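Produce the complete structure using the sequences and hints provided.
Chains R and A, in that order, give the protein sequences. The first sequence maps to residues 0 to 303 in numbering that gives the first Met the number 0. The second sequence maps to residues 0 to 267 in numbering that gives the first Met the number 0.
Since the hints were derived computationally from the structure, they do not count as laboratory data. Only a predicted model underlies this, so the values are computations on that prediction, with no experimental measurement involved. The beta-carbon is built from N, C-alpha and C at its ideal position, and this holds for glycine as well. There could be a bad hint or two in this list.
Said to hold, decoys possible - Quick list of simulated restraints, FRET-style, between CB atoms:
1) Ser156(A) x Phe265(R): 30 to 40 Å
2) Pro115(R) x Val255(A): 18 to 28 Å
3) Ser119(R) x Ala168(A): 48 to 58 Å
4) Trp216(R) x Phe51(A): 21 to 31 Å
5) Gly128(A) x Leu55(R): 42 to 52 Å
6) Ser79(R) x Gly232(A): 45 to 55 Å
7) Gly48(A) x Ala165(R): 26 to 36 Å
8) Leu126(R) x Glu54(A): 48 to 58 Å
9) Val255(A) x Arg268(R): 37 to 47 Å
10) Glu202(R) x Lys262(A): 27 to 37 Å
11) Glu54(A) x Trp17(R): 40 to 50 Å
12) Leu126(A) x Phe265(R): 16 to 26 Å
13) Leu67(R) x Leu253(A): 50 to 60 Å
14) Ser227(A) x Ser79(R): 50 to 60 Å
To be verified - Anything over 10 Å on all C-beta distances counts as not near chain R; from chain A, calculated:
15) Met57
16) Pro108
17) Ser122
18) Ile127
19) Gln131
20) Gln132
21) Phe212
22) Gly217
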Amino acid sequence: MKKVTERLKQHAEHGKRWVIALPMIWLLLFFALPFLIVIKIAFAESALAIPPYTELVTMAGDALDLHLYFGNFSFIAEDSLYLNAYLNSIKMAAISTALCLLIGYPMAYHIARAKPERQSILLLLILLPSWTSFLIRIYAWIGILKSNGVLNNSLLWLGLIDEPLAILNTNLAVYIGIVYAYLPFMVLPLYANLVKHDYSLIEASQDLGARRFTSFWQITFPLSRNGMIAGSMLVFIPVVGEYVIPELLGGSSSIVIGKVLWQEFFNNRDWPLASSLALIMLVLLMIPIHLFRKFQDKEWEDAK
Amino acid sequence: MKTRLNFSGVMFWLGMAFLYLPMLSLIIYSFNESRLVTVWAGWSTKWYGELFRDEGLMNAVWRSLEVAFWSANAAVVLGVLASVALTRFGRFRGRSMLHSLVAAPLVMPDVIIGLSLLLLFVSMTDLIGWPQQRGLLTIWIAHATFCTAYATVVISSRLKELDRSYLEAAMDLGATPAKAFVQVTLPIIMPALVSAWLLSFTLSLDDVVIASFVSGPGATTLPIEVFSSVRLGVSPKINALATLIILLVSLVTLVVWWLSRRKLKRAK
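If you want it as structure tokens, here you go:
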């Protein structure tokens, strides 16, 4: 410890620079630079080689020869499979985000209104499932939803249905899985927002004769806008690219872009096409990511 | 305020049931005698025995723990640095860029992170001959990168609330900023470091998509192993594994919660 402090003292002036540079260099190298390479490979041609794509820049005599290939994009544009996959993913993400908001808002509200000493345990109960394995929690739903699974067996036993419902391998199963896995990501930012609200505003409005619902709708709801945006983005953006849940719970008919990208990469070994698909997804997600970042910035600004 | 059953309370407990019932069913069926997971054939612990005898799975557990341990270490170090820069340094050149770099991995779809990192590693091998082979090292780099984002959120939210007067007092007494940070700030934010470490550890332990992209031959982690077996259908062995994971996580969480509560009570 002593040694560390001595060293830090020596570098007092340079210290600040290193504190910034270290995480910056790491993230530039391993997070930002890879995107540039995705862009590069998106304009390459698939080839039977290792790695399986052509070089963009080749030396032709003394001159550099730049060869950009737009075939991947025209291929994506022409095949309706890809367009449908994008639209399907966006639709799925939008509906699951709305469902998470509908279920998560009352839950977050309940925690924020609980007694302070109870809040931490309630929050813990929300978070605990997400600390266990995501994969295993999705797997749990296979056992519940399949035709001879827990749900169908219980419903049959209760006499509510005569034959098993086909839920597994449908879009419904995917929605259940997504809402299940992403609900905590909605509740958390909403709670963080709701807990900061000044309760005296509500009391004042109620003193002035507002009904409980009116004061909620006119005061609490608009004030929680930032929390709703943060939670929605935390759900919407990753769900657009979700692969594991549609793969395990959805059928062959639930075609989403994450699954298509995975298949192009691992099954067809078409790296350039997979890169083009990723690049288009990234462009589509630009606006929501920007929104999310802006919100985060506000949070960090508030700190000062 | 009196406690009574209201709309949000009902929704909360319904949501809780939704979150916990699937896990409960996993636990119950892990003790099922029958191979057919959904037909109940009496209590048995034989699947736990089978689980521990499955060498491939057990090796994958150790590999995953190793990767998660080192990823969490790297993420906390990088996360502390990034948090200090973002919350303490005011405005500096590149702040907005650092901020984007830290915020974007939180929402970036796994398939994009995985694909882009794989392409980076392949290009690097082409250009400078490193990394020679993809495996645990490349998974560690990938996990450390996205875990840094989460660690930064956890640590910086604690750093923001920190009372600056402690630091100022230390510096008034002649400590350099670095010394004041190590001796004053670090001990205060230690709980945040612990939770950032635990979060990074579990995130790394849980990742299947990114690891599938950047892993190489012989470097299958536990989630990759579980995923390939789950794709083939339900297996009681996986239920046994799931039960152990759920129990372990619950236990660690309870202990951490109990310790922090006791500390809070003492402080009062």
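TODO: Look at the Cβ atoms of Ser227(A) and Ser79(R) and judge whether their distance stays inside 50 to 60 Å.
DONE: 31 Å, violated
- [ ] Determine whether the Cβ-Cβ distance between Trp216(R) and Phe51(A) falls within the hinted range of 21 to 31 Å.
- [x] For Trp216(R) and Phe51(A) the Cβ distance comes to about 56 Å; the hint is violated.
Task: C-beta pair Leu126(A), Phe265(R): status relative to the range 16 to 26 Å that was hinted - done: Hint holds: Cβ distance 24 Å, inside 16 to 26 Å.
Task: Gln131(A) non-interfacial with respect to chain R [C-beta, more than 10 Å] - done: 14 Å, holds
- [ ] For the range 27 to 37 Å, tell me whether the beta carbons of Glu202(R) and Lys262(A) fit it or not.
- [x] 33 Å, holds
Open item on the list: Given a hint of 42 to 52 Å, does the C-beta separation of Gly128(A) and Leu55(R) actually sit inside it?
Closed with: Taking Cβ atoms as reference, Gly128(A) and Leu55(R) lie about 20 Å apart, which means the hint is violated.
Task: Assertion that Ile127(A) lies farther than 10 Å from chain R (Cβ) - done: Consistent with the label, Ile127(A) stays out of reach of chain R, its closest Cβ about 12 Å off (over 10 Å).
TODO: Take a look at whether the Cβ-Cβ distance between Glu54(A) and Trp17(R) falls inside 40 to 50 Å.
DONE: 45 Å, holds
Open item on the list: Can you tell me whether the CB distance of Ser79(R) to Gly232(A) sits inside 45 to 55 Å?
Closed with: With Cβ atoms ~32 Å apart, the hint is violated.
Task: Distance restraint evaluation - Pro115(R), Val255(A), Cβ atoms, bounds 18 to 28 Å - done: 19 Å Cβ-Cβ, so the 18 to 28 Å window holds.
Open item on the list: Tell me if the beta carbons of Val255(A) and Arg268(R) are separated by a distance inside 37 to 47 Å.
Closed with: 45 Å, holds
Open item on the list: Confirm or reject: Phe212(A) is not an interface residue toward chain R, with every Cβ-Cβ distance exceeding 10 Å.
Closed with: It is violated; Phe212(A) is separated from chain R by about 8 Å at its closest Cβ, not greater than 10 Å.
Figure legend: structure checked against the earlier numbered hints; hints not met, in rising order: 3, 4, 5, 6, 8, 14, 16, 17, 21.
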